[in-house]
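Protein chains: 4
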Amino acid sequence: MSLTQHAPALPAEVPAAADQAVLIVHGKDRTGIVAAISAVLGKHDANIVSLDQHSDNPHGGAFFQRTVFSKPGLKAALPAIEEDLREQLEAGFDLEYTLRDLSVPKRVAIFASKDGHCLLDLLWRHRRGDLPINVAMVVSNHPDLADEVRSFGVPFFHVPSQGPDKSAAEAQHLRLLAGNVDFVILARYMQILSGDFIERAGVPIINIHHSFLPAFIGAGPYAKAKQRGVKLVGATAHYVTEDLDEGPIIEQDVVRVNHAHTVAELQRHGADVERAVLSRAVHWHAEDRVIRHGNHTIVFP
Amino acid sequence: MSLTQHAPALPAEVPAAADQAVLIVHGKDRTGIVAAISAVLGKHDANIVSLDQHSDNPHGGAFFQRTVFSKPGLKAALPAIEEDLREQLEAGFDLEYTLRDLSVPKRVAIFASKDGHCLLDLLWRHRRGDLPINVAMVVSNHPDLADEVRSFGVPFFHVPSQGPDKSAAEAQHLRLLAGNVDFVILARYMQILSGDFIERAGVPIINIHHSFLPAFIGAGPYAKAKQRGVKLVGATAHYVTEDLDEGPIIEQDVVRVNHAHTVAELQRHGADVERAVLSRAVHWHAEDRVIRHGNHTIVFP
Amino acid sequence: MSLTQHAPALPAEVPAAADQAVLIVHGKDRTGIVAAISAVLGKHDANIVSLDQHSDNPHGGAFFQRTVFSKPGLKAALPAIEEDLREQLEAGFDLEYTLRDLSVPKRVAIFASKDGHCLLDLLWRHRRGDLPINVAMVVSNHPDLADEVRSFGVPFFHVPSQGPDKSAAEAQHLRLLAGNVDFVILARYMQILSGDFIERAGVPIINIHHSFLPAFIGAGPYAKAKQRGVKLVGATAHYVTEDLDEGPIIEQDVVRVNHAHTVAELQRHGADVERAVLSRAVHWHAEDRVIRHGNHTIVFP
Amino acid sequence: MSLTQHAPALPAEVPAAADQAVLIVHGKDRTGIVAAISAVLGKHDANIVSLDQHSDNPHGGAFFQRTVFSKPGLKAALPAIEEDLREQLEAGFDLEYTLRDLSVPKRVAIFASKDGHCLLDLLWRHRRGDLPINVAMVVSNHPDLADEVRSFGVPFFHVPSQGPDKSAAEAQHLRLLAGNVDFVILARYMQILSGDFIERAGVPIINIHHSFLPAFIGAGPYAKAKQRGVKLVGATAHYVTEDLDEGPIIEQDVVRVNHAHTVAELQRHGADVERAVLSRAVHWHAEDRVIRHGNHTIVFP
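Protein chains in written order, with UniProt numbering: chain A, 1 to 301; chain B, 1 to 301; chain C, 1 to 301; chain D, 1 to 301.
Incorrect hints may have been included.
Per label pair, the in silico range of CB-to-CB distance [unchecked claim]:
(1) C:Asp144 <-> B:Asp144: 58 to 68 angstroms
(2) B:Asp101 <-> C:Lys114: 24 to 34 angstroms
(3) B:Asp196 <-> C:Gly129: 49 to 59 angstroms
(4) D:Asp56 <-> B:Val255: 45 to 55 angstroms
(5) B:Ser194 <-> C:Gly129: 32 to 42 angstroms
(6) B:Asp144 <-> D:Asp243: 41 to 51 angstroms
(7) C:Gly129 <-> B:Ala18: 39 to 49 angstroms
(8) B:Pro301 <-> A:Asp245: 23 to 33 angstroms
(9) C:Ser151 <-> B:Arg228: 39 to 49 angstroms
Treat the hints as calculated values from the structure; they're not laboratory data. Note that this is a predicted model, so its numbers are computed, not measured. Virtual Cβ for every residue (Gly too), placed ideally from N, Cα, C.
Throw the hints in and build the complete structure from the sequences for me.
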């Protein structure tokens, strides 16, 4: 691991909506949940800015709600609001919830290898102020992208990972991540993470898979797509679980191709879809628009 | 007008969600609206099935909410629920609202001319049980589609409309519609409606325009698209207002075309987009998913 | 098999391009093929209307060319043109070719079961003059769609197919098809064809699969898509081979869905994609725009 | 104008197809053109790699053909091939043509202002080897993007342009371009070019317009789109002519938006479409896949 780095200027943070918070609630559906939540917010004079709600079965299914509310002097008021919500939601309804100040962007580590198209797209959107995240670091098993990353004022850590035993590298990863990030993005990171690492990292990990899942699981999806003669190639952003390529899907998209495209051209078109799909998934995750439920997701885009 | 008709079997109604109602609320945004609505529903033991909310500016903008709720024995309970809502919403917040039993499909008249692709697509979808509407009648200024329409068990009325004076035809239209329909669909109806007719009809009128508005307003959009060499052709479903082609847009879509397409082929591809766009707009309107606001719409699809 | 039928009026044939022929050539790529073909056409004063060419590897790969040419008095001239082409292409270059008068639409049998959305879409496009085919018959293992089909003036044959032994039904199918059709469309036909039938039918068979292949092979793709939480559902038109769902893909498309869609709604949206994809595949096949090569296709749309 | 610059390393050129040339032919359609062209190529033992042909009317319309051929030792052979083509095409058929060695990428100047998303997307794609162009220079009326551009090893020239009189700036532009570029890209360059400049530049100029033309001509298209409530926003790449926003369209695309999007969000989504559309248009122009004809284009993608 290279610990020397290029005195990075801190990236300018995206100016997030001041005095706004996001509340995610999910659990077993019951009559009165929306009323209870909005009564608490009303009691604190918080104004609901947006509210998305989903019930997968009105008769005893699962309930999901995302609420954004504004409240002048939010920071000072949050603890009291949270206390009332806890009382109502956990005690009254046995629901899980998260409450977060939207002016504090989530901190992220981006893992990449040699191919930088997804990584650079994220860094560039972040610099334009389009991605409400705080890029704490980029980690790579190759040194190739170091200069490029540091030119964005983002720390770059090279953690080589050779041979079948990844434990030393993963131990370094865990030291880098510990306490520093709220989620991890695998931006075409060409190493398989161990179940142990996923568990100990303890934060959500988003991967971009270079095919329309579940169509072309595993390596070489563009060659397989060419061979099968498919007319669309795609990409899938999903949460990482121990089952490779099987985690909950956040977003997917496709692009039309034809017989004249070589495998290299399929890759080039696919790369455009990959970065579009990944940036949407990251954007939604950063704004708590994605709720995991079993092996799928509820997305309020 | 032909009053003889083929003793139409009543079309099988789409089995709508029993014991569910939809509530639309809109007006000036203020703190506490969501809480007030959900408190009323909670008081009546009604369970919220879905809730969509939009505020175009959290600081004093306009507020829009669509709520679907279920309540065993809905029909009997609706009057009391409505009374409480009226009190809360109109008295307390000065908001407009509509409340409707979802098991009662909206009644519609479809106007068409000679070209049946949009009309037949709607009738087909309805027969398959995919469109929650009650097709009360089809009205046309040409007799060509009579047999086809009646084979679906739907009444067909031929109201000729020649010459510049449409007042006689429009008077017949108004007699047919009066009390019988909740909205009107212009499914490639090639006559311009007078402002007087639109006002006296007193129900929403949805039109399908055969281009991506506002790109090719007026007649001959496919010829214009060919001449301009556009690479996409589209269609637009909108509410009809006195300003031709200028009403609030409900839905739009496009399809890719190229230099090799003749005007006839552009029309053929465009026709596919027209029927897809119109059927989506009708579906959303039928389920109260579209709220008009000024000259645009809020759509909760 | 019901042999009685409703004295069907013959469907109005699509007026195909008079005096135009389509020539498909494929084989091993070599220098001079295009020149040889265009020299023959030039010798006969035939004018090239469109020419599409593809070589999957300029150094000794496979060569594919589709040429449409016009020639006044085509019918009388075709034999002499074909003789010259045979001499040049088979003798000179060892290429395969087909030559066909475009004014003669291909004859087709459509197989369906109970669900008519793909079948009716084809019949309706054909009646509008948008599909250059001659629908010789509809064959179904259920009687449900008989009246609907016959109202289009198309013969309907009910061939029940129960139990594991399909040989009796397939024997009837073969008698119906023999000499009468140039290709077969499976428009949501819910029976598996035996390899023996496919071989003895001796004509191309196009199937519409209700998922994005190879993602959800086999039965119940919409339920699987819901369970996996995919964000797009699709459909695939392909040529039928003995390997179920593995034949050469002609066309695919997808539509965006989300967590709120039930399996029934996924099916409804999927049905729209199915009929769009199938109609494009049929259109292209009918105009000889699709060339099979190994297990994939070259499509000149 | 800043003439000092950062000793730019030359950008690595895209390795173009060696020993391949592209031939564009257009003019009045006549029998025998394809044969004549392929006969010349056959005489020189050149192998046709791909051939696209279009006739807008087989009876005396306009004819367009793009042919890519390979020939070992192309550079040495080109003059003789060209001589034979000139004789056949100009003398025999009165056709226009261009012949170009595909291993020599076209040289381009990119004009930008302050917003770098389209510019940087082009530079990235070029650095990845995905765009077969030679970026000779970037010209801007603002200095903001200088460092970013030079980090790609590309010269950056700042040519201020204030006030209504653009003649001084345009004179500088012409001196920079003269003899150095084969085409110009306006990558969100916020200045209007004079007709005099367009004529004297003497090379094709490609602009990216931030709306679906002809829907929202002129300034502020996203605000107009928001006001009109459109459900799709788009972008259009076109050749620049003296009539602002009226030149031949090369490529267009759209993205779905909804009522919840602010003008700023429409701009963000629109920016993604802009760079995708512009990069496709540039790619196609760079490979001579676009033929201008009157006020529209023939594109062989």
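The hints, checked one at a time:
1. Against the hinted window of 58 to 68 angstroms, the Cβ-Cβ separation of Asp144 of chain C and Asp144 of chain B comes to about 28 angstroms, which falls outside the hint.
2. Separated by about 32 angstroms at the C-beta atoms, Asp101 of chain B and Lys114 of chain C satisfy the suggested range of 24 to 34 angstroms.
3. Against the hinted window of 49 to 59 angstroms, the Cβ-Cβ separation of Asp196 of chain B and Gly129 of chain C comes to about 38 angstroms, which falls outside the hint.
4. Evaluation of the 45 to 55 angstroms hint for Asp56 of chain D and Val255 of chain B yields a failure: the beta carbon distance comes to about 21 angstroms.
5. One distance hint, 32 to 42 angstroms for the beta-carbon pair Ser194 of chain B and Gly129 of chain C, holds here, with the actual separation near 34 angstroms.
6. The beta-carbon spacing between Asp144 of chain B and Asp243 of chain D, approximately 43 angstroms, falls within the hinted interval of 41 to 51 angstroms.
7. Remark: the range hint 39 to 49 angstroms for Gly129 of chain C to Ala18 of chain B is upheld by a beta-carbon distance near 44 angstroms.
8. Judged by the Cβ atoms, the range 23 to 33 angstroms given for Pro301 of chain B and Asp245 of chain A holds: they are separated by roughly 30 angstroms.
9. Range check, Ser151 of chain C to Arg228 of chain B: about 41 angstroms between beta-carbon atoms, so the 39 to 49 angstroms window is met.
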